[in-house]
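Engineer: Generate the whole structure from the sequences, applying the supplied hints.
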Amino acid sequence: MYAQTKIQLLEQLRDGGYTEADLVLVLRAYAVAAELVSCRFQGNNNSFIAHLVGVASIAAAHGAGAEIVAVALLHSAYRNGDFGEGPLEWLCDVAAFLLGRWSHTQRRFLYNKLLSWYRGWRPFTRLRLVSPAKRRRLQRQFGARIEATVYRFTALRWWPETLPALVAGSGALDSVDRAVVFLYLANELERTHDGGLLYHAHSEQKLAFVRDCGDSVVKLAEEISGPRLATELRQAYAWIMTASVPQELRLSPRWEAWSYLRPPLSARWRMGARLRKVLMHCVPGTPLA
Amino acid sequence: MAEQICGKGPEGVIAQTNIQLYNQLPRDGYRGPALAQIRRAYELALEIFAGRCQPSGKCFLSHVVGTASVLSSLGQSADVVAAGLLHNVYHNGDFGDGSTGATPAKRIWVQRAVGPVTEEIVYRFAVKDWSHEALRAHGSNLEPLEDVDRQVLMVFLANELERFADGGIFYQRDCAGRLRFVSQLREVSVRMAEALGVPQLAEALRAAFRQATEREISSPVLRMARTTPGSYVCAPRSFRMGCRT
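Those protein sequences? They're chains A and B, same order as listed.
So the number in the numbering used here is just where the residue sits in the first sequence, counting from 1, plus 68.
So the number in the numbering used here is just where the residue sits in the second sequence, counting from 1, plus 4.
Keep in mind that the hints were calculated from the coordinates and are not lab data.
Small disclaimer: the values here were computed from a predicted structure and weren't measured.
Quick reminder that beta carbons are idealized off the backbone N, C-alpha and C, glycines included.
Treat the hints with care, as some may be off.
[Said to hold, decoys possible] In silico contact screen, one side only, chain A against chain B (beta carbon under 7 Å); selected entries: (1) Ile75; (2) Gly133; (3) Pro332.
[Claimed, not checked] Negatives, chain B to chain A, calculated, CB over 12 Å: (4) Tyr34; (5) Ala54; (6) Gly70; (7) Ser81; (8) Val131; (9) His142; (10) Leu146; (11) Glu191; (12) Arg195; (13) Val202; (14) Arg214; (15) Glu218.
[Claimed, not checked] Computed footprint of chain B on chain A; a stretch qualifies when at least three of its residues, placed anywhere within it, have a C-beta under 8 Å from a C-beta of chain B: (16) 198-207; (17) 233-239; (18) 263-274.
Structural biologist: Structure, rendered in structure tokens:
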């Protein structure tokens, strides 16, 4: 069983012979990751930080050093981390505020949709993913080597159409790219080993990737990490393709496909109150209630 | 026929994520509406505990899932398992109104989500006195208690087990104080579990408490890992203005 919480990960590393300095590095990475993906959840409603810890735990269990474990905790920093883009995020809160009279469920659904549209909007995509300011922040905190690995993780295209080339060229990868591919493999195992993929609202789409690319991923695991990770992936893929979950535990198809942000209610509603004040200045007669 | 997911997952281990809990529930015999109710409780917990962490830095949702997992493995009703997911909702939950404690509006919200039976357990958990003295006064004399109060005690004991079972107690700043509390109450808790008719819970509590008192707590890493004396909210940076912590 792989760790899913900070406590389990630290206990695993302590038992695994990592030094105190290693643990300090991992703790620092955890603190930053927990802040960046705070309130973010996966499409199956599992907290995002549990996924990051799971990837780190798999990496550690397969012999990765402390730096790679730290990268595993930070691997989604640029894709899903909230570095405080500020006003851009607030656009979505305006929408949530304007939809205030709707039912809670409708508001939540539309709020998530708007957030995902905004996040996917091309002019903001680069800003959302990697910006010099974000890179500088991670470089300051963890040094250039760790940040470069996180950056390359973000840059790598792990798509069905790119996997064959990755398999063919795996022998020529440099050490950083090998580490990145290893983390993608750990990421794959983390998403499948406990059946988490099956609870997604759109699990069929995700299972299609496993069906189409599973063999390539397993082959890549053999090349990059050795037979143990490859065997675990093969077993996880074989099992997940035949397993099913009770309908009552699956999410409604309206739910977000990949991951979504669910800030604390007081933060969301306070933001609404502030916007109301702004509107009062802009649009005379806006009710304060 | 496709293999059911039951049987896969960390058997004998306390679940820490909704996925692990969902895998466990069918294995423990929950079906149909019971599963739906527990899922609704988790979805409410997700909303109310978003961003909240325990003093050890562990996600608060993991703690409530663990509590529910313990209750599920003890074969408690779906209402009690759902109450495990929401047990601290009135004290630690963020309902967006900035208040703590149970208010009529909050109670209605919870009742609508998970039903009045579960809400009653959660409410009594919130208003019950959990001090040393009150627990000692209870002792193992549980005869006068109503069923719902026995269920509240069950949730409390599951909550205690969850906090100690993974060693999380050592990663919080006041762990020495917490350990003193344990040493004073370990026997009472164990006797309560026995009086409730769940010897396996009594045994698990005894083992967890023993492990807790025998452990070394002076590692520098453990000291660094400890964050705050109480639970706290870490809101996303873009949403921090005025967030209740």
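Engineer: If a hint holds in the structure, say so; if it doesn't, say that too.
Structural biologist: Okay, the hints, checked on the actual structure:
A hinted interface residue such as Ile75 (chain A) counts as satisfied when its beta carbon comes closer than 7 Å to some beta carbon of chain B; here the least separation is about 5 Å, so the hint holds. Nearest Cβ of chain B to the Cβ of Gly133 (chain A): about 17 Å, over the 7 Å cut. The hint is violated. With a least beta-carbon distance of about 4 Å to chain B, the hint placing Pro332 (chain A) at the interface is held under the 7 Å criterion. Annotated as non-interface, Tyr34 (chain B) brings its C-beta within 12 Å of a C-beta of chain A; the closest such distance is 9 Å.
A cut-off of 12 Å between C-beta atoms contradicts the statement that Ala54 (chain B) is not in contact with chain A; the least separation is 5 Å. Some Cβ of chain A comes within 12 Å of the Cβ of Gly70 (chain B); the nearest lies about 9 Å off, and the non-interface call is violated. With 12 Å as the threshold on Cβ separation, the claim that Ser81 (chain B) sits away from chain A holds: the shortest Cβ distance comes to roughly 16 Å. Listed as outside the interface, Val131 (chain B) is consistent with that label: its C-beta sits roughly 22 Å from the nearest C-beta of chain A, beyond the 12 Å cut-off.
For His142 (chain B), the requirement that its beta carbon stay farther than 12 Å from each beta carbon of chain A is met, with the minimum near 30 Å. For Leu146 (chain B), the requirement that its beta carbon stay farther than 12 Å from each beta carbon of chain A is met, with the minimum near 32 Å. For Glu191 (chain B), the non-interface assignment is confirmed: its Cβ lies about 26 Å from the closest Cβ of chain A, beyond the 12 Å cut-off. No beta-carbon of chain A is positioned within 12 Å of the beta-carbon of Arg195 (chain B); the least distance is around 28 Å.
Distance check on Val202 (chain B): its Cβ is at least 24 Å (rounded) from any Cβ of chain A, clearing the 12 Å threshold; non-interface status holds. At roughly 17 Å, the least C-beta separation between Arg214 (chain B) and chain A is larger than 12 Å, which holds for a residue marked as non-interface. Its beta-carbon lying about 15 Å from the closest one in chain A, Glu218 (chain B) satisfies the requirement of being farther than 12 Å from that chain. Proximity of the region 198-207 of chain A to chain B, defined as three or more residues with a beta carbon under 8 Å from a beta carbon of that chain, is not established by the 0 residues found.
As drawn, the region 233-239 of chain A meets chain B at 0 residues by the rule of a beta-carbon pair under 8 Å; below three, the given contact is violated. As drawn, the region 263-274 of chain A meets chain B at 4 residues by the rule of a beta-carbon pair under 8 Å; at three or more, the given contact holds.
Violated hints, in rising order: 2, 4, 5, 6, 16, 17; the structure is consistent with all others.
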